[in-house]
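Protein chains: 2
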Amino acid sequence: MLPFELVEYRDRVKRTLESMGQLGIETLLVTNPANMCWLTGYDGWSFYVHQMVIVSAALDEPLWVGRLMDANAARVTTYLKPESIYGYPDKYVQSTERHPMNYVSDLLKEKGLAGGSVGVEMETYYFTAACFTTLLTDLTDAKLKDATGLVNWQKIIKSPQEIIYERQAAEIVDAMMTAGINAIEPGVRQCDAVAEIYRVMASGTPEFGGEYSSFAPMLPTGEGTSTPHLTWTDAPFKTGEATIIETSGVRKRYNCPMARTVHLGKPPQKLADTEKVVVEGLNNAIEAAKPGVTAEEVEAVWSKTIAAHGIEKESRIGYSTGLNYPPDWGEATLSLRPGDTTVLQENMVIHIIPGIWMDDWGIEISDCILVTPNGGEAFCKYPRKLVVKD
Amino acid sequence: MLPFELVEYRDRVKRTLESMGQLGIETLLVTNPANMCWLTGYDGWSFYVHQMVIVSAALDEPLWVGRLMDANAARVTTYLKPESIYGYPDKYVQSTERHPMNYVSDLLKEKGLAGGSVGVEMETYYFTAACFTTLLTDLTDAKLKDATGLVNWQKIIKSPQEIIYERQAAEIVDAMMTAGINAIEPGVRQCDAVAEIYRVMASGTPEFGGEYSSFAPMLPTGEGTSTPHLTWTDAPFKTGEATIIETSGVRKRYNCPMARTVHLGKPPQKLADTEKVVVEGLNNAIEAAKPGVTAEEVEAVWSKTIAAHGIEKESRIGYSTGLNYPPDWGEATLSLRPGDTTVLQENMVIHIIPGIWMDDWGIEISDCILVTPNGGEAFCKYPRKLVVKD
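First to last, the protein sequences are chains L and R. Taking the working numbering, the leading residue of the first sequence gets 1, the next gets one more, and so forth. Taking the working numbering, the leading residue of the second sequence gets 391, the next gets one more, and so forth.
Just chain L, with the same shape it has in the complex (with noise of 0.2 Å):
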C-alpha cells in the first residue's frame, strides 16, 4: 500500500530529527501536508481541518494527530502503529471555544514534549495564525522555534524511487498537454477542453492511474493571457487569441508541471518573436542545470540570452517542485532568482517557467527538469515552442 519502503521513510525521520538537532529544536511540529506524507505515507484530503505530525528524538516513532474521522484514514494510509495516531473529537473542529491546538498541547504535555524547544512551520499554509498564539498561550514552559523549511530542505534531492513517480506523472502530463491542446478550436468552449485535461489526469496512462494536481488546471485566454493564475470559463475560443495551459500530472502526490502557449491562427509578430527569445533563453537555462552551479547562476543565463534581444523580467523562473498538495506544487525552498545562492545537486527537481507578461499578452513556454551531470534532464517530451493552430 505505501508508496515507498519502510527504510525510506525510516531514512527521512532519521534526517529530520539529525536537522533538528542541529537547530536545537526538540519537538517538531509538522503541519504541511506534503511534509506529513514524506514523513509518514499519510494521504488524504483532510487538511481543511488542523492535523500535524509530531517529530521527536524520544518517541519510537513520529505521532500522527488529526480529527477524529480522519484518524482512520492515518491507519490506512500510513506505517504508523495504531498507538501513534491521535483523533481528536469534533467539539474542536471550527469551534470559537476551543482550537485543535489546545488538544495538540495536552497531547504533548501527556507525552513530556511540552518543554524544551519546540519547532512550528511558521509560514506554511495550514498552519494559521491562530495555531501559533493557541500554542503560544498553552505551552508555557516551551519555546516555539520557527521551524518553516526545515523538512521542505530534505526534500529536495528525490530519491530513485521518487524519480520513478515524476516521470510516471511526466507521462501523465505530457497526455494532459496533448489532450488539452487538441480540444482548443475556434468555438469550442473553454471548459470543455478543461475537462479533456481533468479526464486525462484522473485516467492516467494504461499502466498507472493519475492524482489530482496540486493547482486547477490554469487556463488564461485573450487578454488573460497577460497573468499567469486565471482559471477557465465557457467562453467559447477565438481565432486571433493565445490560450496559455499550465498544469501537473500527478503519481503518488509527486507533481511533473508543464506550460504552453497554444494560439489559434497566424500569431502576432510579436508573440512570435518573444517564443523564439523565450525558447532561447530556457534551453540555456536547462542546459545549465548542472550539479555545483548555483541557483542565481542558472537565472543569469536566462537573463543574459534575453537581455540581448531586448526583454526583461522581473519575477523567478523557477523553484523546486515534487510531492505536493494544493495549492502549490513548489517545495518553497530553492528559487531560480538573483540572491539565490542555493548549490544545484544531481537529483534535484526543478520547474523552469520563464512566463513573459505583458500589458494585455503573453506568453508561457516551461519543463521541469532533472538535475544531471549533463545539464537538465526535461520530464517531459511535448515539443518545447509555441503551438500554433491554424
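Mixed in with the good hints there might be a few duds.
[Unchecked claim] When the alpha-carbon atoms are kept at most 25 Å apart in a straight line, the in silico BS3-like pairs for lysine-lysine are as follows:
| # | chain 1 | residue 1 | chain 2 | residue 2 |
| --- | --- | --- | --- | --- |
| 1 | R | K628 | R | K775 |
| 2 | L | K91 | L | K145 |
| 3 | R | K775 | L | K145 |
| 4 | L | K14 | L | K109 |
| 5 | L | K381 | L | K276 |
| 6 | L | K290 | L | K313 |
| 7 | L | K145 | R | K703 |
| 8 | L | K290 | L | K238 |
| 9 | L | K238 | L | K389 |
| 10 | L | K14 | L | K81 |
| 11 | L | K266 | L | K304 |
| 12 | R | K535 | L | K143 |
| 13 | L | K304 | R | K628 |
| 14 | L | K385 | L | K266 |
| 15 | R | K533 | R | K499 |
| 16 | L | K109 | L | K276 |
| 17 | R | K656 | R | K694 |
| 18 | R | K499 | L | K91 |
| 19 | R | K703 | R | K666 |
| 20 | L | K313 | R | K481 |
| 21 | L | K91 | R | K694 |
Note that these hints are calculated values from the structure, not bench results. Note that this is a predicted model, so its numbers are computed, not measured.
Fit chain R to the known structure of chain L by using the hints.
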C-alpha cells in the same frame, strides 16, 4: 464579466464596514480567498502566495494587494480601479529575508491606515503564523484584532443571484454523480471513474460550464469507507465492496456538494440497515431546517431519529456552504451540532452530511439544501439512497 451587479458588491462592502464598526475595527485585512472574491470579484488560483483585500471606511473602495504578476488578474476580474490594485515585487515571494506583510505594512502606513484597530483573520488557511508576527512587528502603532469570521458571517444568507448559481452548481453535481456512479463497475479502475466525474465537473451542462470544486473528488472504497477524506487509487472496483463519492459542482465559485454511497453486489445487512436509518434521519433533519429553528435543534432531530435505532454519531452533521476555494467548501460559520445556537434564516445554504464511519466500513448520503419556510429544499435531484449495482 462580473458575476454580480456592482450594487451587490457595494452592499457587501457596506455591510462589512458596518460589522467592522460594531466590533471597533477600523481597517480589515481580508485574506480568505472566498471573502476576497465576495467583496471584489477577485478570482484566480493565486492564493498560494500572499494576497489580501483591505477594507476601511477611509477608502473610496477596497484595495487589492498581491503579487505583481497577479495584479493583472485583479484588473481582469474585479470592479476595482487600477489605482486600487497593488502588486508587490517577486523578491517578497517565499523569501527568508522579507515577507509580503512587510509590503502590506508599508502600504498601510502610506495610506494612513497603520494605526488604530486592524482586523486580521487569525483562523484562515492563507493567513500564516508568519503573516501575523510580521504585522505585529511592523505595525507598532496598531492594535491587531481577531476578525475571523467577520466576513464569513456576512455571507451566510444568500442573495437571489447567489441562489441561481447554487442551482446551476446543483445541476452540475447531479450530472457528476450520475457519471461517476455509472462508471463504477467491477474491474473498472477507480481513477477512470473519477475521470468521468472530473470531465463533467469542468464541462458542466450545454447551457453553462463548470469550475473546479473546492475538494478533489473523495472516493473511499472498501475498508476505506471507514473514513471520509481518502481520494482514489488506480485499483479496480470489486464486487462486494462499497464506494463513497463526495464531490461538488461549482458555478461562479459557488459549491453545491453531495455524497452518495454505491455498493457493487448485494450489500451486507448492516449497510442496508444503516442506509434506512441515515435516510430517515437525513429526511427528518431536512424537513426541520426552517427559519427560526436553531442549528442544534436540527441536529437533535437527526440524533433522536438514529438513537431509536441504536446508532450514535460524534461529529457534526452539516455546515453552511457556498462560495469557496480549496481546500474547503464549508464557510466555517454555522455547524449542525450540539451547542450551536445559530438561528436558521431563509436562504441559508447548508450541506447536511450525516456520515457514519465505523471500524472498517461506512456510509455517506448527503444533500445541500436551501432553508425555506417549508423546511429544507434539496438543490439536487439524485435519489437519496444507497445505490446498489447488482
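Checked hints:
A C-alpha spacing of about 20 Å is found between K628(R) and K775(R), which places the hinted pair at or below 25 Å, so the restraint holds. Taken as a hint, the K91(L) and K145(L) pair is broken in the structure, with Cα atoms around 28 Å apart against an allowance of 25 Å. Of the pairs offered as hints, the one joining K775(R) and K145(L) is violated, with about 50 Å between alpha carbons and a cut-off of 25 Å exceeded. For the proposed pair K14(L) and K109(L), the alpha carbon gap of about 23 Å is at most 25 Å, so the pair holds.
Taking the CA atoms of K381(L) and K276(L), the gap is near 19 Å; set against the 25 Å cutoff, the hint holds. The hinted pair formed by K290(L) and K313(L) meets the criterion: a straight-line CA distance of about 23 Å does not exceed 25 Å. A C-alpha spacing of about 38 Å is found between K145(L) and K703(R), which places the hinted pair above 25 Å, so the restraint is violated. Between K290(L) and K238(L) the CA atoms are separated by roughly 41 Å; this puts the pair beyond 25 Å, and the hint is violated.
For the suggested pair K238(L) and K389(L), the alpha carbons sit about 11 Å apart, so the restraint of at most 25 Å is met. Note on K14(L) and K81(L): the hinted pairing holds, with a Cα-Cα distance of about 18 Å set against a maximum of 25 Å. In summary, the hint linking K266(L) to K304(L) is not supported, as the alpha carbons are separated by about 29 Å, beyond the 25 Å threshold. A C-alpha spacing of about 24 Å is found between K535(R) and K143(L), which places the hinted pair at or below 25 Å, so the restraint holds.
About 57 Å separates the Cα atoms of K304(L) and K628(R), which puts this hinted pair outside 25 Å; it is violated. A distance of roughly 14 Å separates the Cα atoms of K385(L) and K266(L); the hinted pair therefore holds under the 25 Å criterion. The suggested pairing of K533(R) with K499(R) holds, with an alpha-carbon distance near 14 Å, which does not exceed 25 Å. Only pairs whose Cα atoms come within 25 Å are accepted, and K109(L) paired with K276(L) is rejected, the gap being roughly 61 Å.
With a C-alpha separation of about 29 Å, the suggested pairing of K656(R) with K694(R) is violated against the 25 Å cut-off. As the CA atoms of K499(R) and K91(L) are separated by approximately 40 Å, the hinted pair breaks the 25 Å bound. Only pairs whose Cα atoms come within 25 Å are accepted, and K703(R) paired with K666(R) is accepted, the gap being roughly 15 Å. Restraint check for K313(L) and K481(R): the C-alpha separation of about 12 Å stays at or below 25 Å, so the hint holds.
For a cut-off of 25 Å, the pair hint linking K91(L) to K694(R) stands: about 19 Å separates their Cα positions.
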